[in-house]
Structures are given as structure tokens and as C-alpha cells.
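Residue strings, one per chain:
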Amino acid sequence: MNKIFALAGVVIKELYRRKDFYVLFVLTALLTLAAAAMNFFHDDKIVRYVKDICLLLIWVSALLVAIVTTARQIPAEREARTIFPLLAKPVSRGQVIAGKFLGCWLATGVALFVFYFFFAIITGSREQIWPLMVYLQALWMQWAMLAVVIAMVLLGSIYFAAPSSTITICFIVVAGILGLGTHLHTVALQQPEPMQTVLTLVYYLMPHLEWYDLRDFVVYDMGLVSWPAFVLATLYAAVWTGIFLLLAWFGFRRKNLTT
Amino acid sequence: MKLSPLLALVALLALAFTLATGLASRADRWSRRDQSGNLFGMLFGDGRKLFANQFFTMADVYFHSGYYPSVFDQKSAAEKEIISASHGKKETEDDEKNEDFLGKPKDWIDAFGRHFRITQHTHLENHTEREILPWLRLAADLDPQKIETFTVGAFFLREHLNRPDQAEAFLREGLRNNPANCEILFELGRIYHESNHDRARARNVWELGVKKFLALTPEQMKDDKLIFEELVVNLAHLEEEAGNYGPAINWLHAAQTVSPNPAGLQTQIDDLQKKLTAQVPVVPAKLY
Numbered sequence: 537m538n539k540i541f542a543l544a545g546v547v548i549k550e551l552y553r554r555k556d557f558y559v560l561f562v563l564t565a566l567l568t569l570a571a572a573a574m575n576f577f578h579d580d581k582i583v584r585y586v587k588d589i590c591l592l593l594i595w596v597s598a599l600l601v602a603i604v605t606t607a608r609q610i611p612a613e614r615e616a617r618t619i620f621p622l623l624a625k626p627v628s629r630g631q632v633i634a635g636k637f638l639g640c641w642l643a644t645g646v647a648l649f650v651f652y653f654f655f656a657i658i659t660g661s662r663e664q665i666w667p668l669m670v671y672l673q674a675l676w677m678q679w680a681m682l683a684v685v686i687a688m689v690l691l692g693s694i695y696f697a698a699p700s701s702t703i704t705i706c707f708i709v710v711a712g713i714l715g716l717g718t719h720l721h722t723v724a725l726q727q728p729e730p731m732q733t734v735l736t737l738v739y740y741l742m743p744h745l746e747w748y749d750l751r752d753f754v755v756y757d758m759g760l761v762s763w764p765a766f767v768l769a770t771l772y773a774a775v776w777t778g779i780f781l782l783l784a785w786f787g788f789r790r791k792n793l794t795t
Numbered sequence: 003m004k005l006s007p008l009l010a011l012v013a014l015l016a017l018a019f020t021l022a023t024g025l026a027s028r029a030d031r032w033s034r035r036d037q038s039g040n041l042f043g044m045l046f047g048d049g050r051k052l053f054a055n056q057f058f059t060m061a062d063v064y065f066h067s068g069y070y071p072s073v074f075d076q077k078s079a080a081e082k083e084i085i086s087a088s089h090g091k092k093e094t095e096d097d098e099k100n101e102d103f104l105g106k107p108k109d110w111i112d113a114f115g116r117h118f119r120i121t122q123h124t125h126l127e128n129h130t131e132r133e134i135l136p137w138l139r140l141a142a143d144l145d146p147q148k149i150e151t152f153t154v155g156a157f158f159l160r161e162h163l164n165r166p167d168q169a170e171a172f173l174r175e176g177l178r179n180n181p182a183n184c185e186i187l188f189e190l191g192r193i194y195h196e197s198n199h200d201r202a203r204a205r206n207v208w209e210l211g212v213k214k215f216l217a218l219t220p221e222q223m224k225d226d227k228l229i230f231e232e233l234v235v236n237l238a239h240l241e242e243e244a245g246n247y248g249p250a251i252n253w254l255h256a257a258q259t260v261s262p263n264p265a266g267l268q269t270q271i272d273d274l275q276k277k278l279t280a281q282v283p284v285v286p287a288k289l290y
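If you read the sequences in order, they're chains B and E.
Position in the first sequence counted from 1, then plus 536, gives you our numbering.
Position in the second sequence counted from 1, then plus 2, gives you our numbering.
The shape of chain E in the complex, shown without the other chains:
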């Protein structure tokens, strides 16, 4: 029996179409990649998280303008500088010395080769910090559960690039992916307090952060102690600014439970106590 090639092609196409209609609904359940919501999720699945840390490191490399140790250079596993900068840590002379990973040239080849390498330790400044943003964006897309990506990105957008709106949007995205995270809530509160001067929203967000912290397991609480301290100390300062000395004292008492320096906080509590006692109570005027 001779079969026409055209007929065979039509028959195969019909068969493929029939199978596709039958299998399409089932195939959706086989893989969840296309439900991930972004291109990287679709391409790499959960393997994308492996690349996220690399992109986050690239942001730190850019922050140092290429002066960065390779895997072969001896350097202690210190915290990435973009993270410490976002926590408000200023670099000391000792830090500078620690980051001189090159040291003296080992031989003439190394000495001559340094003419063609970046050997100056500099940081991005004067709005050039924007150059780290693409890598943070990619890191966030690859691993939306990596909290530092959102907090560091938001810090640089708000503090160095004067873009609080973008910082807020980035943090909101982080919060959608990590609804229980108090670190993101703390950063969000800083935007409302420091950039937007919206005390009420800052208070709400920080108080929510405290609630989220208190809902953690004791092990998780140990890891997030620092962020809890920052939350309650900032809440105390916010209440002090608003003239609410009583709640401010309460927040400082809460901070004392986790602070490495409770005596320092006690001095602040004493000062607030004096202000509270000196405060003239508001007596409502007689209506008639």
C-alpha cells in the first residue's frame, strides 16, 4: 500500500493537535516553572538561587570599583561592605587595612601585572552608586527570599540616590515575597520616617515589625535580635519626637532585653523619665 507523504503529514499534524488538546491541561501540573512569575524562574527553576549570591557579590564588586579579592586572595570572610554600609557602619582605618588584600607584590611578574589591575580601594560616590542596582535587581529576581538584596537596594536608592519612591516599591516587592520579615518592615519604616516624614505610617510599620518578631520561634528570635533592637529603639525615638515620653520609655525597656549595652539605654530612660515628670499635664478647660 502506498501512502501519500502529504496525507501522512496531515495525519501526523492532526494527531499532534489531538494529543496537545488532551495533554495541555495535565502538562500544567507536571511542572510549576511557568507559574514562577519571572523569566529566571521559568528558565532555571529553583537552581536560580545559586546565581543570586553571585549577582549580589557583583553589586559589592561594583561598589568597590573592581578592587575586590578573588577566590585565590587571602581575606577573612567579612560581611559584604554594601550590607555594612546599609546598616550605617562607617569604615574605619582598621577596616581599610583589612581590605588591602593585595599586600606587597610576591614577585616581579605580580609587581608588573599590577599596572594592569585596579589597585586602589575606592567606593562609588556622588550618585554613581546607581551602578550596583542592576545586579541587585537581578539578584532579587533570582532569589526573592534573599532579604539583604531588598534592604541594601532600598538603602542605596533612598540614602544615596534620593529615590524613596523606588526604594519603597522595591521593599514592597520584598515584603510580598517575605510577608513575615521584620527587617524589610524596619527599612520601610525608615523611608516613611526619614524621607517622607510620615510619623504615623512609620509607627504602624515598625509596630507591625515588632509583632512579626514576637511571632518568631526562639531560634529565629536569636538571629533577628539586632533588628528587633533597631525597631524598638527607633520606635522610642519616634515617640520621643512626638512628645509621647511614656511609650518611648516602654520601647527602651523592651530594647534593654536584647541590647548588649543596657546601661546606655538606662541613661536614655532616665532622661525621658525627667522629661515626663517635667511635662505639664494638659487639663481640659471648663466648657461652662
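Next up, chain B with everything else stripped away, as it sits in the complex:
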């Protein structure tokens, strides 16, 4: 376990040495502050559009941080040939996968916490209310979803040739699930066979990342999601993370690292 934490520590250090997070955070902050500074009909109590814009930027930024950081991990180690001394420590290939996953997940969690802290300060200063539990629930759900995404990207980084293709494909898949996930069954029922069966199978077999998007609950002040559903969703994310990590480990175990 110590080896996994040591590997994760390296990934976290890499994130705060790189400029991606800082650029995205500054961009999010600037756009949110610009939106908040706008005056509509001389009414300074209007706040939901600011929440909406800020949360959208947080979602995009967190996905960018998670996918781009993860996709680079193993290809970079192979390219720099640092993977060989790492595996000679000795560290098993499974521990490399686990360490890289944990590092990326924790690093994304830190980034997410900073984003939500900024969000709470901006909206709280306008609304004068602090629904911290709602924010924490939204943060946790997003972080749980990012665990699935990170594990998926790690799997992709083993099979795809270059980080750029991993990043592009993973972005398309995640955006597709988030946008279409809930409606895929409805769309499937309107298709002729065999497309109907194929889409229905995809609907039941894909990870439903769209459940983890609680932005509407935050923006429209709808309170908390029921706790049993919240726990079950966390469990579901853990199961999918496990599936992707196992697949990544299977792939990485057989991977020829010299080519």
C-alpha cells in the first residue's frame, strides 16, 4: 500500500507543478466574476445564472484536468523510459495502475475542492445562504463520477497509441454518456432492428455518468438527493471504477513496454 501511495504522491506533485489546473481555475474565476458583475434590470439579487455558468465551467475544467492528466501518465513513463526503473523497485504492474489511479483521483479531488470553495464563496456572497451539504453532495458525486472517468482513461491509455487519441476518444465517450445517457433507451425504441437491440444493450451496459450531475439541484435550490440513492450511486461508481481498473491491469500486465 505504501508503494501505491508513493506513486500517487508523485502524480499529485506533477499536477501542481504543471500549469493546466492554474490556467483552468483562473479562466473559470474570471468568467464567473465577469458574469457576476453583469447587471440585469438593476437587480442585484439575481444569482442562478451565475451558479449555472460557474458549475458548467467547473464540470468542463474538472473533466479536462482528470482526462488530460490521466491520459499522459503511462505513455509519459514509457516514453521517458522511467517505467523500467519503476518496475525494478520492485513495484508490480498492478501497483503502478493503482498508484496512478489514486494519484490522478486525489489530484482531481484537490482541484475540485478548490473550484467548489470558490463557487461557495461567490454564490454565498450574493445569496447570503450557505447550503454546504448540497455543495458537498454535488462535489462528492462529481468526484465519484471522475473516479470512473479516470479509470476509463487509464484503460484507454494502455490500449490507444497516443495520449491525444485517448483524450479525444474519452472526451467523446464521456460527453456522449452525459448528454445522451438518460435518453438512449428512448432513442433505441424508435430505431429499427438490429439497431434497437444494439442501443438497448449499450444503454444497460454503459456506466451511467449522468446520474452524478447534480448541477440542477444546486442551481434551482432543490435540496439534497435522498441518502440511500446517494450511497447506491457511490457504490455503482466504485463498481465501474473497479471494472475499468481490472481491465487496465489485465491489459498492462501483458503489455510489451519496450516497443
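Where hints are given, some of them may not hold.
What the hints assert, rightly or not - Cβ-to-Cβ under 8 Å is the rule here; a few derived chain E residues that face chain B:
| # | residue |
| --- | --- |
| 1 | Y64 |
| 2 | S72 |
| 3 | K108 |
| 4 | D109 |
| 5 | I111 |
| 6 | F114 |
| 7 | G115 |
| 8 | H117 |
| 9 | L135 |
| 10 | P136 |
| 11 | L159 |
| 12 | Q168 |
Read the hints as simulated data drawn from the structure, not as lab findings.
All of these numbers come straight from a predicted model, not from anything done at the bench.
Backbone N, C-alpha and C fix where the C-beta goes; we use that ideal spot for every residue, glycine too.
For this one, chain B is given, so just place chain E on it according to the hints.
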């Protein structure tokens, strides 16, 4: 021949400056984007109108607190509720049923997923209606010819947020962009009549609305029949309040030409007729 890089830079800068002075006046005529008066016009040109409808829909989404059908949900293309609310239409039980676009869960994934979606049909109330205003403002900036944006915005500002001054300013902006529009004039008259209790200005604005309607082509008149009826019926009520029963009867006769229920209006005309005959004529007193 060797050319100094510094000299080349100075020469290029001089050339750029000379060309700029020569071309600046002509370039103004090449594009009219910078004359559009707002940022969106400058950035998107006429393409901005494509986004205006999306922002107007966002206002309706906010009005429903996020409970809104997506493009995948089966729902009849009904009028947006912010528009029907601005026309004073109250929601019936049937309307509520029609708007339950979710229906029963299709499978366990759909059922579980509903824990993380808004599934209650609610509307903004108690001054939270202000949250729709940013989207209406943006829609108005993107497409100043979209009349509903101004009338709906003005309705919520006046009726729900008690801001008739802002409502009037918004409608005036709409009127500057659409000088011949009788719907905006009707809303403006409502502000003067219902909020400011200024009968004379309301009468002037509504009468101007009627003039604008009568100047329309027969095809355009067909589309604006409802608004004409509202104009003349409101003018009739205004004249009745003022005790001018004769003009009130005339306005109701005008309303009968477009109303789907002329018999109902006839009853009102008969009542006014009785009041008119009962009215004691004012006889001027003898001066000497």
C-alpha cells in the same frame, strides 16, 4: 545588398500605417457588424438570432425550476409557459397533466436516475421570477425583433417584481427596435393603466396600437387579431371607467369584428347602452 532588420521593421511599420490610413474609411463600408450597437451583433452578425430562441427557452426552463422536457422527451409543441402566463392564462389541471412529460419510469435505470433529476413541476414565485430576467435580456440583445422577449420580460417585471419603471424601459427599447408593433404598445398601455393609473397615456398608447394594427396588410392583421381584440376591449373598459359610455360602445363594436364570442360582447354593449341612456345630460348653468 544587406538590409538592416531594424530598417526593414521600420519600413514595414510605415507601410502598414500608410495602408491603414488609406483603407480605414473604405473598410467601414465592407462590414456593418460594428454598427450593430451591441457586442453580440459585432461578434455574430445576423447569426446571433439563432441563439436568441435558445436563451428565451432558457428563461422558460428557469421558470419551471429545471423541470423541462429535452429534445428526446415526447411533448406536444405547446406555447411556452412564460408566454401564456404573460397573457394572463392560469394553468388548469389538464395543463399540469400535459406537462408531466416524464411519465412512468421505463426501466430500473430510468427509475433510479430520477433520484438525481428534478421531477417536480414547480414554477418560480415570490419574487424568484427575477431569475428568468438575464436570459430574456440576452435574448433581447441577440434578437431585438423577437417581440415576446419584450412583452414577457415587461410582464414579469411589472406583475411579479413590481418594477413598472424597468418594464417601461424594456418595452421602450422593444418599441425602438419594432416601431410598428401593436403588441408592445398594448403592454406599454397596461403599465400606464394598471401600474401608473395614468388613463390619458394609456388611452394614447392603445389608440396608437389600434392605428398601427389598421395600417397592417390583411395577412398581418390575421396574425394580430387577438392583440387587436385585447387593445379595443381594454380601451372600452378604460372609457367605461372614465364614464365615456359612447366611445366604450364604439370600441366594443370594433372588438365584435374579430372576437370569437361576439354575443358576449353584445351583452356588455347592452349594459353600456342602458348606462348611457340613464346618464343625466350635463346642462351648462346660465351665466347670467
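Consistency of the hints with the structure:
no.	hint	in the structure
1	Y64	holds (6 Å)
2	S72	holds (7 Å)
3	K108	holds (6 Å)
4	D109	holds (6 Å)
5	I111	holds (6 Å)
6	F114	holds (7 Å)
7	G115	holds (5 Å)
8	H117	holds (4 Å)
9	L135	holds (5 Å)
10	P136	holds (4 Å)
11	L159	holds (7 Å)
12	Q168	holds (5 Å)
Comparing the model with each earlier hint shows no violations; every hint is respected.
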